[in-house]
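Undergrad: Listed below, chain by chain, are the residues.
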Amino acid sequence: MALIREGAIVPDTWQNIADDQELDCTQRAIITLARWQSAGDDLRTTNRALGIRLRGDQHPAAIVADLGRFDLVALEFAKFTDGRAFSHARTLRERYGFTGELRAVGEVLRDQLLFMLRCGFDSFEVADSSAATFAATTPKISVFYQATGDGRVPVRALRNTRA
Amino acid sequence: MYRYDAFDQTLVDERVEQFRDQVARRLSGALSEDQFRPLRLLNGLYLQLHAYMLRVAIPYGTLSSRQLRTLAHIARTFDRGYGHFTTRQNIQFNWVRLDQAADILAALASVEMHAIQTSGNTIRNVTADHLAGVAADEIEDPRIYAEIIRQWSTLHPEFSFLPRKFKIAVTGAARDRTALKVHDIGIQVVRDAAGEAGFSVLVGGGQGRTPMIGHVIRPFLPKADLLAYLEAILRVYNEFGRRDNLYKARIKILVQTLGPAAFTAMVEEQWQALRGPALALPDEELARIAAHFAPPTYARLPAASAALAAARAEPVFERWCRHNLLPHKQPGYAIATISLKPEGGVPGDATAAQLEALADLAERWSLDEVRVSHEQNLVLPHVRQDDVPALWRELRAHGLATPNAGLITDIIACPGLDYCNLANARSIPIAQQIQRRFANRERQEEIGAIKIKISGCINACGHHHVGHIGILGVDKKGAEFYQITLGGDGSERAALGEITGRAFAAAEVVDAIDTIIDTYLGARRHGEAFIDTYRRVGMVPFKEALYGAH
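Listed in order, the protein sequences are those of chains L and P.
1 is the number of the first residue of the first sequence in our numbering; add one for each residue after it.
1 is the number of the first residue of the second sequence in our numbering; add one for each residue after it.
These are computed hints drawn from the structure, not numbers from a lab.
From a predicted model like this one, the values you see are computed outputs, not experimental measurements.
Yeah, the Cβ is synthetic: ideal placement off N, Cα and C, and Gly gets one too.
Check each hint, because a few of them may be wrong.
What the hints assert, rightly or not - Computed Cβ-Cβ distance ranges for the label pairs, DEER-style: (1) L:S129 - P:R20: 19 to 27 Å; (2) L:R159 - P:E442: 55 to 63 Å; (3) L:A157 - P:A310: 54 to 62 Å; (4) L:G97 - P:S32: 36 to 44 Å; (5) P:D244 - L:D19: 44 to 52 Å; (6) L:M1 - P:T77: 20 to 28 Å; (7) L:R95 - P:P327: 44 to 52 Å.
To be verified - Stretch-level coverage of chain L by chain P, calculated; a stretch enters the list once three of its residues show a Cβ under 8 Å from a Cβ in chain P: (8) 40–54; (9) 82–88; (10) 129–142.
One chain only, chain L, in its complex shape (with noise of 0.2 Å):
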């Protein structure tokens, strides 16, 4: 798997951490919300660099109260179909205040890459072969009709300040 941000192909620093894997101290774990949930306070305490994904099924709600402690979030995306992550996202950004890097995983294609950065992610791991394309990939829309937490100006304040 390749990991964007920014229109790039980056490294990825962090590694996904299966339930029966060892955590060991020095990575940059990405665990599951049964992982956390189940996890003792040596990892809820440790300073160390800790990232949670949640499935569809697994609403933001479930990790508010420990979201501090957390610098990643990854939503999966179990088909491009499925779209619960797109809400989970805006909650988590727009909500909760979540400033960490947002992680889109799963079936990531470009043709939502748009929609996912209007709804807060900042980091998209995409197959290998498709990662060259999904960099390279501009919006084409530039009118916005919702005003989301991205930044984006939407249309109704561009009226405003025109008129």
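Since the structure of chain L is provided, determine the placement of chain P on it from the hints.
TA: Chain P alone, transformed into the frame defined by chain L:
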């Protein structure tokens, strides 16, 4: 009418080019059909039985002459010379080629139209009362809010991959002409005790396999909160709607499973979190959009036209006036229904020549405006009563003066198995048989107001659940059969039809309808409409007449 500004125009233009690129990638093989399908669906392009079908949005059912001419041009250039108006204020072109689809979208964009989100699991084209702005029973023009919703829902980054399709209707009137209560969300303009206008919000209605009447989850929503509240509903649905079973994925199932009270609590909690300057609708924005829907400049006329009254001495014209003219809120004007249900025609079809003729007539006699109704008819909303006789003569010359609005031959029908790859049975031939059986105009008048609605499958595009008489095509071991329901109603008195009993073979349907009508005529009290008789006497006499006493 709403006119695009530079932002609206840029978006539809960019969308055309984006889709052109996606089609090119599909044609080159860079995109698989599986990957391309959701992209084409977001642009209204279906693969049907015989060809691609393009569904074009007519937001809140309002068209200008210029737009109508472009639809005629598309029908003639890219289709086989006609288009089909649907039950959701869309027009479908049934014989489209993939390599020309982007050119059609470009033609639409040139007249401020698009096919964005007319299919797929998205917020679909927003519909509204086809008598918006001209009906006397209206609090406010619903198109103001429908346009606001159109913009908010267009390419919404969060809600473009919902569990299932999502339909919103808006009305500003007490009488419901939008089938509001069988929509995913129904918005009705209402006044609170202080006389302030706001919205009643209804959620979880729907037709299809599991028909349901929606629940009012908020009796009064201040105008400024419209988008925050819609966003709250959609977020709850997007997060918690079922995705494991296509047939249980609509919001009605979520509302039913949670119960309306628990669902409402989740929405209200989300709404409180979303309320804020980003989603609030300021008065200036409301005023800016409302200005587009300001009433046109009407002439000052006497309430009743002597010329029209004199012309009505002609019986054929009088019959058309009796059924196809509605009172206008402006003195001296009338609303004309253009029936797209000629005997033996395809309900909702219009030829390119008819569309062009209507464009001319609208320009000349209806302040450049045409409406599309969910009953698959067109409406000229602003006709001077003095001009009605001349208008009618022109309509007649183009085969557009069928005097049957609201009568038994004014049938809603989906395209059915003649076109649609979901259908179990044909709808159009059944509609045509009924029209022929009841072709006698005196008999139609004697029967009076009645709504027959036909769907070729359980997806219910023909609204059969809310037909006074509903007809549903089913497949029985490879043969086309039809289940009949009675007592459905899509109005403010919404009700779902009850099944009469075993289904009828295609050849038996018309006789069954005849039996139902005879039973009604025998049972009705003076002046009573079919639906009222049915409500009074119930299913039993109809069942006995159809199937015998046992």
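Undergrad: Against each hint, give a clear statement of whether it holds in the structure.
TA: Against the structure, the hints come out as follows:
1. L:S129 - P:R20: 19 to 27 Å: holds (24 Å)
2. L:R159 - P:E442: 55 to 63 Å: Holds, at about 57 Å.
3. L:A157 - P:A310: 54 to 62 Å: Given a distance of about 57 Å, which is inside 54 to 62 Å, the answer is holds.
4. L:G97 - P:S32: 36 to 44 Å: holds (39 Å)
5. P:D244 - L:D19: 44 to 52 Å: violated (23 Å)
6. L:M1 - P:T77: 20 to 28 Å: With Cβ atoms ~46 Å apart, the hint is violated.
7. L:R95 - P:P327: 44 to 52 Å: About 50 Å separates the Cβ atoms of R95 (chain L) and P327 (chain P), which means 44 to 52 Å holds.
8. 40–54: violated (count 0)
9. 82–88: Since three or more residues must qualify, the claim that chain P covers the stretch 82–88 of chain L holds, with 6 doing so at under 8 Å.
10. 129–142: holds (count 3)
Consistency with the previously given hints fails for numbers 5, 6 and 8, ordered from lowest to highest.
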